[in-house]
Amino acid sequence: MKPDPDLAAVAHVISAVRTRQPLVHCLTATVSMGIVADGLLAAGARPMMTETLAEAPTVTTVADALAVNLGTLSTDAMDGIPATVAVAVRDGRPWVLDPTAIGLAPVRTPLARQLLDSRPVVVRGNASEVLALVREGAGGRGADSVASPDAAQEAAREVVRRTGGAVAVSGAADLVLDAGRSASVARGTALLSRVTGTGCLLGALTAACCAVEADPFRAALAATTWLTVAGEVAAGRAAGPGSFRMELLDALDAVGDAAGALTGTGEDR
Amino acid sequence: MKPDPDLAAVAHVISAVRTRQPLVHCLTATVSMGIVADGLLAAGARPMMTETLAEAPTVTTVADALAVNLGTLSTDAMDGIPATVAVAVRDGRPWVLDPTAIGLAPVRTPLARQLLDSRPVVVRGNASEVLALVREGAGGRGADSVASPDAAQEAAREVVRRTGGAVAVSGAADLVLDAGRSASVARGTALLSRVTGTGCLLGALTAACCAVEADPFRAALAATTWLTVAGEVAAGRAAGPGSFRMELLDALDAVGDAAGALTGTGEDR
Amino acid sequence: MKPDPDLAAVAHVISAVRTRQPLVHCLTATVSMGIVADGLLAAGARPMMTETLAEAPTVTTVADALAVNLGTLSTDAMDGIPATVAVAVRDGRPWVLDPTAIGLAPVRTPLARQLLDSRPVVVRGNASEVLALVREGAGGRGADSVASPDAAQEAAREVVRRTGGAVAVSGAADLVLDAGRSASVARGTALLSRVTGTGCLLGALTAACCAVEADPFRAALAATTWLTVAGEVAAGRAAGPGSFRMELLDALDAVGDAAGALTGTGEDR
Chain P
30 MKPDPDLAAV AHVISAVRTR QPLVHCLTAT VSMGIVADGL LAAGARPMMT ETLAEAPTVT
90 TVADALAVNL GTLSTDAMDG IPATVAVAVR DGRPWVLDPT AIGLAPVRTP LARQLLDSRP
150 VVVRGNASEV LALVREGAGG RGADSVASPD AAQEAAREVV RRTGGAVAVS GAADLVLDAG
210 RSASVARGTA LLSRVTGTGC LLGALTAACC AVEADPFRAA LAATTWLTVA GEVAAGRAAG
270 PGSFRMELLD ALDAVGDAAG ALTGTGEDR
Chain S
30 MKPDPDLAAV AHVISAVRTR QPLVHCLTAT VSMGIVADGL LAAGARPMMT ETLAEAPTVT
90 TVADALAVNL GTLSTDAMDG IPATVAVAVR DGRPWVLDPT AIGLAPVRTP LARQLLDSRP
150 VVVRGNASEV LALVREGAGG RGADSVASPD AAQEAAREVV RRTGGAVAVS GAADLVLDAG
210 RSASVARGTA LLSRVTGTGC LLGALTAACC AVEADPFRAA LAATTWLTVA GEVAAGRAAG
270 PGSFRMELLD ALDAVGDAAG ALTGTGEDR
Chain B
30 MKPDPDLAAV AHVISAVRTR QPLVHCLTAT VSMGIVADGL LAAGARPMMT ETLAEAPTVT
90 TVADALAVNL GTLSTDAMDG IPATVAVAVR DGRPWVLDPT AIGLAPVRTP LARQLLDSRP
150 VVVRGNASEV LALVREGAGG RGADSVASPD AAQEAAREVV RRTGGAVAVS GAADLVLDAG
210 RSASVARGTA LLSRVTGTGC LLGALTAACC AVEADPFRAA LAATTWLTVA GEVAAGRAAG
270 PGSFRMELLD ALDAVGDAAG ALTGTGEDR
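Protein chains in written order, with the working numbering: chain P, 30 to 298; chain S, 30 to 298; chain B, 30 to 298.
Don't take every hint at face value.
Claimed, not checked - Cβ-Cβ distance ranges computed for the label pairs, FRET-style: (1) 208(P) to 108(S): 41 to 47 angstroms; (2) 87(S) to 283(P): 39 to 45 angstroms; (3) 201(S) to 191(P): 58 to 64 angstroms.
The set of hints was computed from the structure by calculation and includes no laboratory data. Yeah, the Cβ is synthetic: ideal placement off N, Cα and C, and Gly gets one too.
Bound conformation, chain P alone:
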C-alpha cells in the first residue's frame, strides 16, 4: 500500500528535526516552560528559554528559530519580546507567534496585534485567539476558546493577508492554511486539553519544524500532525491526565515514519 503523500511530507519534516536538532529560542508562558522544553527535547530539538531584554536579543542570534507565546506574560517577557523578535526578523530567522489568551488582557492583546507587523511565519492559536488578533472585543475565557471554527477561518485568512505566512488554528479539528492552501487535521484527543501547555508546545514544535522546512504551511502541518498523532498514541496508553502527559513525551520521541495514516488530513485546495 502506498503511503499517504501527506504522511510522507510530515515524516520528512519529523526526520529533519531529529537529524538537525534545531535550537529553538522560546519566550513562553512560565507555567508551560517545563512541557515546552521537555517536548522539544523529546521531539529531537533543543530549547532555549531566556526572556529578559538584557539577554534574550543577544542569545537569540544563535537560535535556528524563535517561538513567542504570550501566556502569563511576565514583565521580563513584556520587555524582552519586541527586541528579540526584531533580532529574529533582522537575521531572517523564522519565528512563530502564539497569541495565548489575548482578547481581554490589556498588554498582550495590543502586543500580539503589533507583532503581526513583524510577520511571523506561522501564527498558532485557538479560534478565539486568532479571532481576537483581527477583531476588537473578541477573545476567549482564559486559555479556552469560545469562537466558532468558521469565524476563526475568516480571521485566519485576514492574518495570512497581513503576514504572508501560515496560520494554524487549534480545535476539535485543527486547521492549517496559508494564502493558497488549506488543510484540516482531524486527529488528537480531548486529553490534550487536560494537560497544561500542550498548545504552547505545539507553537514551539511549529518553530522547530520551521527551522528545517522553509515552507511555513508544510512546517505547521507537520507540527500539528506530529503532536496530535502523538496525543492519540499517548491516549491509548494513559490512565488519566498525569500518565497522558508522560506518554505524550514518549510518543513525541517515537512517532515517525510509522505514524499511521493521517485520516482526515489533506490539502483542500
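Keeping the supplied structure of chain P fixed, place chains S and B upon it in accordance with the hints.
Same frame as chain P, now just chains S and B:
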C-alpha cells in the same frame, strides 16, 4: 450500606467542579505553577496564571475564583497580588489565601497579614504558616512546619475571627474549621510531601471548590479530602516520588463518588 | 566481594542527605525549578526557591546550602543572586555555582566570572561553560557544550586555583577535580540530556551533598555518581524521555547502598 454523609457532601462538590469546570485564577509560586495547573485540569477545573499588575487585575474579572499563594513571590506577584485580590473582593468572588513559607521572609509575611483584611473565604497553610499569620516571630523553616497542631488550632481560630471564613491546616491529620464547625481529615500519605507544590495545589483546588460550593467550610473539607484520598490511591500505585506525582494527577481525575469511606473525617461539633 | 571503596563513600553521603534532609536554597532557571525541587525531594533533601533581592538574602539564612544556577536568569534572579551569595559567604554556608549557558549572554557571563571571587565550594557545568568561566569568547550553543573535555580540564584547574574548591565537568564521562585529586565518572545515559534541567538538578544535588559532606570533592563526586547511577536505573525502565524523567525521580529515591559497582569511577591521583 448507607454512604458516609461527609462522603456524600464531598462527592457532591467534586461532581460540581467537574460539571461546572470553574476558571481558577492562580497567583502562585513559580516552582509549583506546573503541578497547580495540571492538578486543576485533572480535577476538572481550568487554571489561569497571569500575575502581573498590568494584566492580572483585569483578567481575574472572568475567573470564578482566585487562589493566592505566596511561595517564591516574584516581584511581578508582589505587585500584582494586592490589586488582583481587590478586584476579587469588589466583584464578590471567593478567594483563597495560601501564606506559603511566611514567618522569616520580609515581604510575604506582612503581605499575608494585611491580606487577611480582604477576608479570604479560606486560608490554607501548614501549622507554622497559620501560626505566623497571627504571631510575630513565628514561622517554619522554608516550606516545612515546625509548629504543633494544637498551637496552630488556636491560631486558626484567631484567623477565623478576623476573616469570618474557614481555615484549613495541613499536617499528619488535616484540620478544617470555621466559626462553628471543625473537622479532621486523617487521610493522605507521606509521599504528598515528597513532591513539590502539592500544598499549593490544595490551595488552588480549594478555590475551585469554593467556586461551586458557597459554604467555605464544606469547600475546604471537600478539597482536602479530594487531594488526600487521591494521594492514598496514588501511593498504592507508585514506586517512588516521581511515579507518585503522575499517579496523583490520574487519581485526582478518577476519585469521585467511589472515593471510599472517609475514616477519621467528620464534623466534631 | 568487597564493595568498591568509592561506592562506600558515595553511599555514606547519600545516607547522610536522607538522614539530615538539608534545606537547599536554589536560585535556578525558571524552566528547571520543577525538576530541581522534585529531584531534591526525591533525594531526601528539601528545596527553597525564593530569588528576589527583597527576600532571598533573608530566607537563605536558614538554609544548609545554596545552589546558584544562571539558566534563564530572570531580572529577579539578577538582582537577588549577588546579595544572596554574599550572605551565604558571610555565614560560612557552602554554595555551588552552575554557570549555565554562559559565553554569549551579556549579563550572566560577567556575573559568573565575578561570582568566582565569592569562592563557590563547587563549580558545576559542562565543558563549554567551565571554559567560558576563564576564557573570553568561549561558550557553548544554548545549554549545549561544544568544547572538548581536555580544554575543559585545563580550565577547571584554573577555576580550582581561583576558588580553592572543586569543579565538576559534565560530559560523556563526568570529571570531578580539586587541587589535589581527580576522578572520572563514566556512568549515566544519553537520556539525561533529553530531559530539561537534569544538569541544574545535579548542581542542586551537589549543594545538598555539600551540606552534609565538608569535603567538596567528595560531595561533588557523590552527587555526580548518585544522579548518573539513578539515570542508568531509570534508562533501564523507561520507554522514552517522558517516562525517563519519572523513573529518574523514583531512582534518586531508591539508589543507595545497593547502587552497584561504580565502574570507571575512581580517584586518579
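Results of checking the hints against the structure:
1. 208(P) to 108(S): 41 to 47 angstroms: Check passed, 43 angstroms falls within 41 to 47 angstroms.
2. 87(S) to 283(P): 39 to 45 angstroms: holds, 42 angstroms
3. 201(S) to 191(P): 58 to 64 angstroms: holds, 59 angstroms
Violation of the numbered hints given earlier is absent; every hint is satisfied by the structure.
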